[in-house]
Structures are given as structure tokens and as C-alpha cells.
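Please take these sequences and the hints and turn them into a complete structure.
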Amino acid sequence: MPEWLVSYWALMGFGPTGWGVQMLRAAAMTVAVSASGFALGAVLGGLAAWGRLSASRVGAAVAATYTTVIRGIPELLVIYLVFFGGAAVLGWIWRSVWAGEGFVSLPAFIAGFIAVGICNGAYQAEVFRGAFRTIARGEIEAGRAAGMGQLLLARRVILPQLLRFALPGLGNCWQLCLKESALISVTGLVELLRQSFIGGRSTRNFFAFLLTGAALYLVITTVSSALFALAERRALRSLGRAP
Amino acid sequence: MGFLGETFLAILPGVPTTLVLMALSVAAGFVLAVLFALARLSGLPVIAPAVRLYVFVFRGTPLAIQMFLIYFGLAQFPEVRASALWPYLREPFWCAVLALTLNTAAYGSEIVRGGILSVPRGEVEAARAAGMSGGLLLRRIVGPIALRNALPAYGNELILMVKATSLASMVTLLEVTGLAARIISTTYRVFETFAVAAVIYLAINGALAWLVARAERRLSPERSGAARTGPDLGLAR
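So the protein sequences, as listed, match chains B and R. Going by numbering that gives the first Met the number 0, the first sequence opens with residue 0, and the numbers climb by one from there. Going by numbering that gives the first Met the number 0, the second sequence opens with residue 0, and the numbers climb by one from there.
If you are wondering where the hints come from, they were derived from the structure by calculation, not from laboratory data. What you are looking at is a predicted structure, and each value in this text was computed from that prediction instead of being measured. Hints are not guaranteed to be accurate.
[To be verified] Reference listing, derived: stretches of chain R covered by chain B, where coverage requires no fewer than 3 residues with Cβ under 8 Å from a Cβ of chain B:
| id | segment |
| --- | --- |
| 1 | 37–44 |
| 2 | 82–96 |
| 3 | 104–116 |
| 4 | 139–152 |
| 5 | 182–195 |
[Said to hold, decoys possible] Listed next, with one range per pair, are the computed distances between beta-carbon atoms:
| id | chain 1 | residue 1 | chain 2 | residue 2 | range |
| --- | --- | --- | --- | --- | --- |
| 6 | B | 214 | R | 9 | 35 to 43 Å |
| 7 | B | 58 | R | 49 | 22 to 30 Å |
| 8 | B | 162 | R | 116 | 27 to 35 Å |
| 9 | B | 229 | R | 47 | 45 to 53 Å |
| 10 | B | 233 | R | 75 | 40 to 48 Å |
| 11 | B | 58 | R | 51 | 42 to 50 Å |
[Stated by the list, open to error] Covered stretches of chain B, going by a simulated chain R footprint (3 or more residues, C-beta under 8 Å):
| id | segment |
| --- | --- |
| 12 | 74–82 |
| 13 | 202–210 |
| 14 | 214–224 |
C-beta atoms are modelled at their ideal positions from N, C-alpha and C, and glycine is treated no differently.
See below:
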């Protein structure tokens, strides 16, 4: 083995001086916080899409404001809002309701996934809205004519098709979550970027750690896009228009 | 003057920094994007796959880690510290510009490539039949059509770049988000500070979206009144 590889392995491997376990744990944290954010984003995005498509003027206005504002401001700002704002709200509740003392803070993981979810929901709303538009009007009318109620119609006719058409867009939203999760490091959550920074600082070898972190991100994004491509092929199979 | 007014005045000095970061990196990034797009379409043996790898790496990793690699990572090499570029690479501002430029070049090259690929074959054939080739064909026919087709997607990229400049605050630069974060951590007035910073970003992005829409209308007289396309999520970082 070349010398640089030996010293790299000593640094990043799983031996006594290696940071391998920490780096992999941080990568798992990145995936966990991104996945939680993505799930929250799906809920918020679904609600926002529903609001924009609904007949309710207020619902449409609220949903449109949410998606427009969030897509127009930096994610980092939303992270600060949730992290510090959440602490402010929690502290207020703590002091006024339970007459507690001192400061309360929102755990970084929770603040992080809420912030990622809020940001991602705005993008997912657009994906869901676009996907809903591709469902043939006639199918919904046929469902109604067959006597289906709102819920049954949603479950049997709308959702199965919606999810299929939304899959490519959702894949992009997931990639967005992964990359956005790096910004949560400003709250101190030890995810991949933060861990790479910590490792680099304590060994005075930022380059090796950040490059390893970047490589791990690349592995995560590449594996995810392969999985989404697989899911797309499966989902569109029955429609006979698989790419 | 209330807290909102004071906060607004405190954040305002960050606006030029945000705009300059964005303008420099978008300008340099666009030049690189066109070069990269042409390199990929050229199909040249070593160059095209190298550009492909570049785009894959920069689109597959977060901008934050790219910025950290340039700011913290490069400084540890004595060769870099001895080089003529060190006065620039030492500064967080130029590191942020470099990271933003390299990042937008990767996304932009895909947009430009899409624009060039969308030029109808017939137009190119007609131009060739009229005796155009090489630079002239590119300048008169392919360039303008590709630019017009790529404009909606590039407009989204511009807005994403305005948002991306906020990451410069992670390498200690005090642009709009950096100043807002500092005010939040000193005054604990989160919501007011957030609102002020959000309004500033929305104003910048609103103006930008308006300019892009105007440019789109001017460049496509035959399609005036056509519906604006929604944001292309593939560009998001």
C-alpha cells in the first residue's frame, strides 16, 4: 500500500486512531435528520397542495404564501428561526405555564428536521400540485359517478396515481433535503458536515476530513438517486410508459 | 425608532455583500457554465468525461462542504499559502465567491446544455445550408435560441444563488443572514429579526424574478403572454 493510503487509513479507518466510526455515525445522522425532514415536508407539502387546489380562498392564500415565502428565503434563515424561535416559544411556555426558571432549548435534531421539513414542504407542494394536474379529470368524475365518497376517491383513485407521477419530483426534493441537512451543523448537531469539521479541527487535517465527508455525501446522494430511479421504473411499469 | 427599524438599518449593510457575492459568482459561473456545456457536447475524449465528473461531484455534495473545503481545507497546504493566490484564498469573501462560482457553474452547465440541445435541428440545418458554420452558427443561431430556451431555468438558478449566498455566513462573512444571526444571538428577538431579513430576501428575489420575466418576454415576442414556467426542482441544491 502506498504511504499516503496507510496514513489516511490510520486517520479515517476503524483502528484506535481512526475516525471511521464517528464519520459513519455522522453519515447516519445526516440520513436520519434528512428522512425526518422529508417526512414532515411530505405532510406540509401535501397540506399546502391541498390548500392551493381547494375551493377555499383562505386555504389557497395561506398555502400560496407559505410556498412563495419559503422558496424565496435562504434555508439557513429558516434554521435560525426554528432553532432560536423554538427555544423562545418553549421558554415562554416553560416560564408562564409551569412557572419554570432559566432557559430551555430545542434539541438540535428536532429543530433541524423541523426546519428542513418546512423548507422541503414548499417544494414538495409544487410537486404534488403538478402531479395532481396530470390525473385525468375523467377518472375523478368516474369515481364520483360510481358513488365513491371523498375519502375513498382519494385512497383508491387519486393517491395511487398522484404518488406515481410525483415520484421523480420527490426524488429531487429528497436530494434537496440531504444537501440542506448540512446547514443544520450551525445548531451544533453532529451530522456529516459538523463531524468533518470537528475531525479536521482536532487533527489539523481539514482537507482529508472534508473530502471524506464530501465523498460520503456523494455516496448517499448516488445511492438515493439509484433507488428512486428503481422505484420510478416499478411505479410506472403498469402505465406502459416506463422510460 | 422601533426595533424593526433599527434591525432593518443594522442588516442593510449586509445587502451589498449579498448582492456582490451573487453578481460575481453568477457572472463567472455563467462563463464557466457555457464552457462546460460546450465541452460536454463536444464529446472530446478526456475533456467531456472530466466535465461530467465535475458536474456529478458538485451537484451531489452540499455547497456548504464545498465552501468549507476551499476555506478550511486549502489553507493547510504550504504550497497554497506560498502561491500567488494566497492573498485571495485567505479571505472568506473570495473563498465564498469561488465556492459559489464552481457550484453554480455545475448546475448552470446542465441548464445551458439543455438549452443548446433544445435548439431545433432544422434551424441548424438551415443555417448550415446558408453557409454558416462554427463560431458564426453558434453566435447567430444556436446561441440566441439556446439562451432563450434556458432563460426560465436560469432565472430559477439566479434565485437559488441569492439564497445560496447566505452560506457565506458559515465562513464568517457578515452578509444579510450573517448579520441577522448575529442580531438574533445578541438580542434574542428572533421573530422580528427573521421577518426583516426575510423581507429583504423576498424583495431581492422578487425584483430578480420580475427582471427575468421581462427578459423572457423581450426575447420571445412570438410567445408573449405564455405562462411562466414553474421552478425547476432539479436545480435545487
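Comparing the hints with the structure gives:
1. 37–44: Three-residue rule not met by the segment 37–44 of chain R, so violated; n is 0.
2. 82–96: n = 0 at 8 Å, threshold three: violated.
3. 104–116: Result for this restraint: violated, n = 0.
4. 139–152: violated (count 0)
5. 182–195: With 6 residues closer than 8 Å to chain B, the segment 182–195 of chain R meets the three-residue bar; holds.
6. 214/B x 9/R: 35 to 43 Å: Since residue 214/B and residue 9/R have Cβ atoms about 40 Å apart, the given range 35 to 43 Å holds.
7. 58/B x 49/R: 22 to 30 Å: 50 Å, violated
8. 162/B x 116/R: 27 to 35 Å: For residue 162/B and residue 116/R the Cβ distance comes to about 30 Å; the hint holds.
9. 229/B x 47/R: 45 to 53 Å: Since residue 229/B and residue 47/R have Cβ atoms about 27 Å apart, the given range 45 to 53 Å is violated.
10. 233/B x 75/R: 40 to 48 Å: 46 Å, holds
11. 58/B x 51/R: 42 to 50 Å: About 44 Å separates the Cβ atoms of residue 58/B and residue 51/R, which means 42 to 50 Å holds.
12. 74–82: holds (count 5)
13. 202–210: holds (count 6)
14. 214–224: It holds, with 4 qualifying residues against the three required.
Hint compliance for this structure: hints 1, 2, 3, 4, 7, 9 are broken, all remaining hints hold.
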